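On the provided structure of chain A, position chains B and C as indicated by the hints.
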Amino acid sequence: MTAPLLEAAHITVRFGGVVALRDVSLAQVPRETLGMIGPNGSGKTTFVNVMTGHLRPAHGTISFDGKAMAGRKPFQIAAAGLNRTFQAVRIFQELTVAQNLATALVDAMHPLDPDAMAGAIDWLELGHRMTARAGGLTLYEQRRLELLMRLVQQPRLVMLDEPVGGLSTSEVHAMLGLLAELKSRTTIFIIEHTMKVIREIADRVVVLLAGEKIADGAPTEILRDPRVIEKYLGSFDA
Amino acid sequence: MSVRKNLIPLGVFVALAYGLPLALAGNRYLAFVCGMTLINVLLACGMNLLYGYTGLMPLMFAGIAGISAYVSVRLSEAGLSFWLAMPLGALAASSLGVLLGLPSLRLKGFYFTLCSLVIQSVITLGFIYFSGFTNGDTGIAQIPLPSLPGGISLAGPPYELMLATFASLGIALLIALVGSSFGQRLVAIREDDGLAEALGIDVTRQKLGAFFIGSLFAGLGGAVYAPYLGFVSPRSFDVLVSLNIWLMVAFGGRGTIWGPVVGAALLTPVPFLLQDYYTIKDVVYGLLIIGVIVALPSGLAGALKLSPRPGASKVAMRARPEKAS
Amino acid sequence: MSNAHTIILMSMLSSGLMLGVIFSLVASGVTIIYGSIWMPNAANGQFFLLGALLTWTMTVQFGLPPAAGALLVIGLSVAFSYLLEILLIRRFYDVPNRNISYFVLSLGLTQISAGLLSITYGVWSDQFQVPPLVRGVTFIGPFPLANTRLAAFAIAIVLLALLFALLRFHKYGRALRAVFQNREAAALRGVDVRAVYRLSFVLGNGVVFAGGILFAYAYSFDLSAAWTMAITAFAIMIIGGPGSVLGALVVGLVFGFTQAIVSTFASPTIAAFSYLGAMLIILLFKPSGLFAR
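Chains as they are written, first to last, in this note's numbering: chain A, 249 to 486; chain B, 50 to 374; chain C, 822 to 1114.
Bound conformation, chain A alone (with noise of 0.2 Å):
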């Protein structure tokens, strides 16, 4: 049994009279790909700003690598080897493509090195667009930027909040390619609203309904539980 590279205990959060989390609790081991699903509101954002340090949750351990992130800040968390990114897509817009790149390396505490990381601007097909503003990329050139501004610090893992959003049908296609090849470079976390897109790529699934983890396991069990359907019925694209 492989120690866990993520792990949250019973971790609950509430803002104000809301209870956004109760009582979570999940454990990834590395080269596992775990993804959370549930409805618009259902917490899972929230956990990821749990376990990156952006929110402190009202109760609950977080740990990384072994190692206990109860108040660590969110840069002290990245500089760990936990990245994510963000649900509505996040660059710096008025910097050139190599300025964003530049700017995820300045703090990286391991940095591929040159060669490595030409190959992963040729794989993201970047390289032509350099000194392209990043504002001016396509949505799907954006989240391309995305994952390569991750990359390049090697993290041991990434949560990716709904990273396909907004694409069109075949560039979410392209999309799933390009993870499943991330897959073999680094652990990933996905949070997504639609079964179809975890389908493909999570080894197993965690169901968050309204801030509350109601089922965990591999995709083909979380689609025949019985809990599950009788709560989403009609809420999958599955």
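Everything labelled a hint here was simulated from the structure, so no lab data went into it.
Any given hint could be a false lead.
[To be verified] For lysine-lysine, the following DSS-like pairs were computed, each having C-alpha atoms within a straight-line distance of at most 25 Å:
| id | chain 1 | residue 1 | chain 2 | residue 2 |
| --- | --- | --- | --- | --- |
| 1 | A | Lys321 | C | Lys1107 |
| 2 | B | Lys157 | A | Lys321 |
| 3 | A | Lys444 | A | Lys479 |
Note that the structure is predicted; figures quoted are calculated from it, not measured.
Chains B and C alone, transformed into the frame defined by chain A:
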């Protein structure tokens, strides 16, 4: 951001900075305007680091310059050489600036600016209230010009040459900082500090660093201003002064090296041109502030498309709305 | 209690109430504008002073009777606010993060106003005194209360009550609160958001000007009143909670009493320090204010 392409403009600046005061040596009035411009260039560089490159609008900038001015004047009076009093004053001001600014650094955008306004007000009130130290609203007059260690007084053109040295060094330092990885981090923070943090940048520490260095510029400016003008009072360092230094940066072009220098050069002579109608300068400056906000968010540099780096398209600080899902 | 003590107590009480209602009025105006169009108006002190100075012009320079003069000033303030809204303010309604642009804009306005006022009024007089609204003095026990102050106080209370009623019961007030909460939702429900914005700006400034007018009738003043009031109004707004008129009311009264008590025993500068200190604490620890929505 290449250091090399700034070398020619720097050379031009150095030539002008040293040349003009010498050429105008016969006309003390014009030479004084030159000298004041050089001081404002130094101040504008500090403000540029904070506003242009880090995206913070520190309205207590003049207050910090003032603390340095009062401290160095009092230290000089106590017998300390100007050449010690000046850096000590600047350091005292920066340290105080960091101390005062520290809690406010985690505030974003408008709240940071408001907090800095409050701190500036506290400083101004302090200048008026602690009149034992500052002589209150009356101010301190007849501040003597310093001498070089050899005993040569720095009156006249030599003081202006000293100012030229400081201004040139200030710009050179800014060029070096902006071209370094520190500068890169600051720009990232300016553009989107949440993203910068997610990429591993210690945003608070960088802001503190920028704060300290920017305050040093303010402190040095204040310390060399006092003997040059010969008079300081709380009004010399109030919020409108901070605002006017900000205007030099915003009007010239934030986030560029030379925009603020040009801004300082264009705006410093205004009160002198107005002569007897001196207080109209407030109206002119105020109109320019409104003009910058409404029409010229990237300043002259942006308007003339001289900005090498694509600047932010609004003066407003970029803040991402955090969405919970 | 001796007569001397009674007088001091009555003096502090009446000062506290008088200052308190004026602070509340001005802070209400500022907070309405911030809550609706997201504009922190640093020029509120200048508008306050302008209200007072124009009242002086109407009554002393033009010799108008007090009521007519006051109404004229209000009329001018409405025209002035409309002009400002059309020329400058409405350009930013759709800009995200417009609060900082507005803030700097209002600082620019402050500088312009300060410059203009110093070459006009600043030259004409050092101290400004307006003829009383109502002549004479009323005695409460041994304590003499100037009738003009009583009148100003009564009018201020009425204005505050009207403002409160407007916001709570009138349809404009409901529209304003809807826009405070969520502009898009309000628009979907048929609220003319831009009209609400325009009205809020005019109303908010009008209330600030009214505060200045009443201040002129209650006290003599000089140009420094602008800066003092700007700090105070902002402090009240931040501590009470931006957008909360109730907060402005309560905190305004507290500030009035604080000023009255502190000025009796120490200097007004200490009072200013305490406002700034309180504002800093709230900014750093509870930025949404005490009466946050």
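Taking the hints in turn, this is what the structure says about them:
For a cut-off of 25 Å, the pair hint linking A/Lys321 to C/Lys1107 stands: about 21 Å separates their Cα positions. A threshold of 25 Å between alpha carbons decides the hint, and for B/Lys157 with A/Lys321 the separation of about 17 Å falls inside it, so the pair holds. A hinted pair counts as satisfied when its Cα atoms are at most 25 Å apart, and A/Lys444 with A/Lys479 qualifies at roughly 18 Å.
Checked against the numbered hints above, the structure violates none of them.
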